[in-house]
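There are 2 protein chains.
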Amino acid sequence: MNYSVYFEQNRELHLEELKQWLSIPSISALSEHKEDVNRAASWLADKLTLAGLENVEIIPTQGHPLVYAEHLHAPGKPTLLIYGHYDVQPVDPLHLWQTPPFEPAIRDNKIYARGATDDKGQVFMHIKAVEAILRQEGQLPVNIKFFIEGEEEVSSPNLLDYLSKGADRLTADAVLISDTALIEKGKPAICTGLRGLCSLEVAVHTANTDLHSGSFGGGVPNALHAMVSLLASLHDNQGAVSVAGFYDDVEPLSPAMKEEFAKQGVDEETLRTGLGLETLYGEDDYSFVERVGARPTLELNGVYGGFQGEGTKTVIPKEAHAKITCRLVANQNPQDILDKIERHLREHIQPGARLEIIQGEKANAFNIDPSHPMLQSAADAFERVYGTRAVFTKDGGSIPIVETFSRVLAAPVVLMGFGLPDENLHAPNEHFHLENFDKGLLTIIEYLKAL
Amino acid sequence: MNYSVYFEQNRELHLEELKQWLSIPSISALSEHKEDVNRAASWLADKLTLAGLENVEIIPTQGHPLVYAEHLHAPGKPTLLIYGHYDVQPVDPLHLWQTPPFEPAIRDNKIYARGATDDKGQVFMHIKAVEAILRQEGQLPVNIKFFIEGEEEVSSPNLLDYLSKGADRLTADAVLISDTALIEKGKPAICTGLRGLCSLEVAVHTANTDLHSGSFGGGVPNALHAMVSLLASLHDNQGAVSVAGFYDDVEPLSPAMKEEFAKQGVDEETLRTGLGLETLYGEDDYSFVERVGARPTLELNGVYGGFQGEGTKTVIPKEAHAKITCRLVANQNPQDILDKIERHLREHIQPGARLEIIQGEKANAFNIDPSHPMLQSAADAFERVYGTRAVFTKDGGSIPIVETFSRVLAAPVVLMGFGLPDENLHAPNEHFHLENFDKGLLTIIEYLKAL
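Residue numbers (UniProt numbering), protein chains in the order written: chain A, 1 to 451; chain B, 1 to 451.
Since the hints were made in silico from the structure, they are not lab data.
One thing to keep in mind: the hints can contain errors.
It does not matter which identical chain is meant; a pair holds if it fits inside one copy or across any two.
Okay, derived cross-link-like pairs now, BS3-like style, lysine-lysine, Cα gap no bigger than 30 Å in a straight line [claimed, not checked]:
no.: 1; residue 1: Lys-313; residue 2: Lys-340
no.: 2; residue 1: Lys-362; residue 2: Lys-313
no.: 3; residue 1: Lys-449; residue 2: Lys-263
no.: 4; residue 1: Lys-34; residue 2: Lys-313
no.: 5; residue 1: Lys-449; residue 2: Lys-313
no.: 6; residue 1: Lys-110; residue 2: Lys-449
no.: 7; residue 1: Lys-34; residue 2: Lys-449
no.: 8; residue 1: Lys-449; residue 2: Lys-362
no.: 9; residue 1: Lys-187; residue 2: Lys-340
no.: 10; residue 1: Lys-77; residue 2: Lys-34
no.: 11; residue 1: Lys-340; residue 2: Lys-439
no.: 12; residue 1: Lys-185; residue 2: Lys-19
no.: 13; residue 1: Lys-165; residue 2: Lys-185
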């Protein structure tokens, strides 16, 4: 039977099932939802079993459980590991939701609920695609492993732990993840790069107490002066990072990469006015998508010290604080970058100010060559369903687990996402366009059959 | 009769009277104490009358009343305007007071109460000194006007208004104020300089919303980057102010001034270790007391923007804020300085960031030549009682009313204070050393007789 017809006939049933799952408030960050997270894992395990998968297992961890399932009856064919997550973000502020976040509602061919696009909706499509092939044909064209976690929204601590302890069971020829987005409606994308991340907190201390600017102003160090001059030294006046060696392991943009970026067709003027900016800003000689997709950045996320109340307070603050994160690309090593920044800060701190640095998160950038056959097949599958070949993009964000999979399993990771950028991920009124639910099911079928 | 003996005999009575006044919680900043402030003014007017002063008047204002009194029966002799204030600071945090702030207590020859040294105790001494002369001799050696306000702790809005409307009644040959301190026990000082003040608030705005550093980092302006580079441009790396023309109206330090500063005998090493500093910090070629007493300063009192919580947030803030005050010296005009700073900021703001500047307070610096006979007589009076000639100091703080008196009345202002620097002004356990109460009474008598 034609899969279009199959999915058409089963659409209502599928959406009712998805609504059930979306009704479970599996918020991983909030301990009062621990039981809900467990319920969402059980629901998932049941559906995987009903779909015909085998060795379905809920794997307990120190935190929320992992869910595993497999169907390994295609000897000689590649093995695909499908990763996703069944946990969701918190829902505050609740009053901004048009319909309650855990009472899924369909309006204008979109399904509204927390988790609709990120990521239950997309995980659900893979289950239904596999189920469809098994029901229609009795066997799968490839070997499949499902590996779905419940802690993606809290940085996957136990998944990383599980992977680091040896992941023989997860061995695969490719990892398939649907947790990203099309460029826009009708314009599919395969993400071939994610930036890495590192973070640090910086404190500057001067005197042992705040001082009166009348009695001491001009004669003692001011922690805020020390901090702003220190932070200002981190960039040149074009926004390029001034830390020695920061760009050492950044690859120059090849003409082919520039061409892929240009294909995204981002209109900078539209972007600028949409953000209410007088001008975009960044390193010379790069377009916006190149800056965000292929160049590293060092951002001040927070700076504070001294008086923040109304009016005037003639105080010389004894301390100041800054929070910094970097997005990393190519071969930049997060630890190396943190060490270079720390060295820069220690060299540039003014006399009389004491520096305290706490290094934080570290995640490598992810990159994959778009010419890899697994990615080309994915682009083909998109083209057959959407009528437009997927563009290979570099995303400026960070999904640390992607690089970890790629490294630990030594397998290509295919980021084949069906969301849209404006579906309110992590925000009120999260939704998922059902056009991409329908087309996505067919695209997955096409992809599995093409491998 | 010898005045030492007189004050000795009346000491207990005087201190009981002072305790009465200190018991009235005349906190000008808190509207619930409005009636207490009025009571403190009435108490003062009664005491001035009882002391023998004439035309005693409680002058209503939009806020708290002014109290005026005079004794003008010394034709051909100079007229002295004695200024002070009867309002006090709030008392929080109350639990840190060893005895309640409005239940005056004497311990170790110090009187503890809010207002003990700032400024009821010092105003009270002038009343008792004038009363003593009138009782002992029936007439004063000079003409005296008392002019005591109830809003000093809230920046004297109505006094300034009163002065600006013409102050014929206040005409005097000198203004005498006791609201400052000795350098240390046994080491009297006459303050001949106070720094002026100006303030401004600066905001930097970039996009119309906070942005995700993954999706936008490196491609858009970051308000914090714009702010720190802007603020860092305000100083060179020695702490000198980089604003064009900032020092134009600052007088170079004369050898005589340097000598007066050296006389203060501040030990910089003791100061440094007391503040827990690795090093003092400021303009080259100036000592600490010179930097604070004779050099202007531009201080960042508060800077804030972006994320201040625990952990990491990969946000690109859309705005950042700074609070700035300057202490001014010599002929620096606060409005001129504010305009120069504003020009500097507008010239140095990075592309893509929008600047918002709010100018705030403005007060001129005060300076008087120590060779003025009115000041030399004051130093003589100190010497006769303390056995040590008063040092002429420049204070880094600002008392805007001093410069206003000096300008509006075209009269020298004699800052003859009897407090000590560690008497917890504006803090819990404010107190006044009775040694300086006793010696101060005699010093005032000596001064009035010497004029």
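Taking the hints in turn, this is what the structure says about them:
1. Lys-313 / Lys-340: Classified as between; 21 Å across copies, 37 Å inside a copy.
2. Lys-362 / Lys-313: Classified as between: cross-chain Cα gap 14 Å, same-chain 39 Å, threshold 30 Å.
3. Lys-449 / Lys-263: within (28 Å within a copy, 93 Å between copies)
4. Lys-34 / Lys-313: between (46 Å within a copy, 24 Å between copies)
5. Lys-449 / Lys-313: neither (70 Å within a copy, 41 Å between copies)
6. Lys-110 / Lys-449: within (28 Å within a copy, 93 Å between copies)
7. Lys-34 / Lys-449: neither (38 Å within a copy, 85 Å between copies)
8. Lys-449 / Lys-362: Neither: 37 Å inside a copy, 77 Å across copies.
9. Lys-187 / Lys-340: Intra 40 Å, inter 53 Å, cutoff 30 Å: neither.
10. Lys-77 / Lys-34: neither (39 Å within a copy, 88 Å between copies)
11. Lys-340 / Lys-439: Classified as neither; 46 Å inside a copy, 63 Å across copies.
12. Lys-185 / Lys-19: within (23 Å within a copy, 80 Å between copies)
13. Lys-165 / Lys-185: neither (41 Å within a copy, 71 Å between copies)
Going down the numbered hints, you'll see the structure goes against 5, 7, 8, 9, 10, 11, 13, while the others check out.
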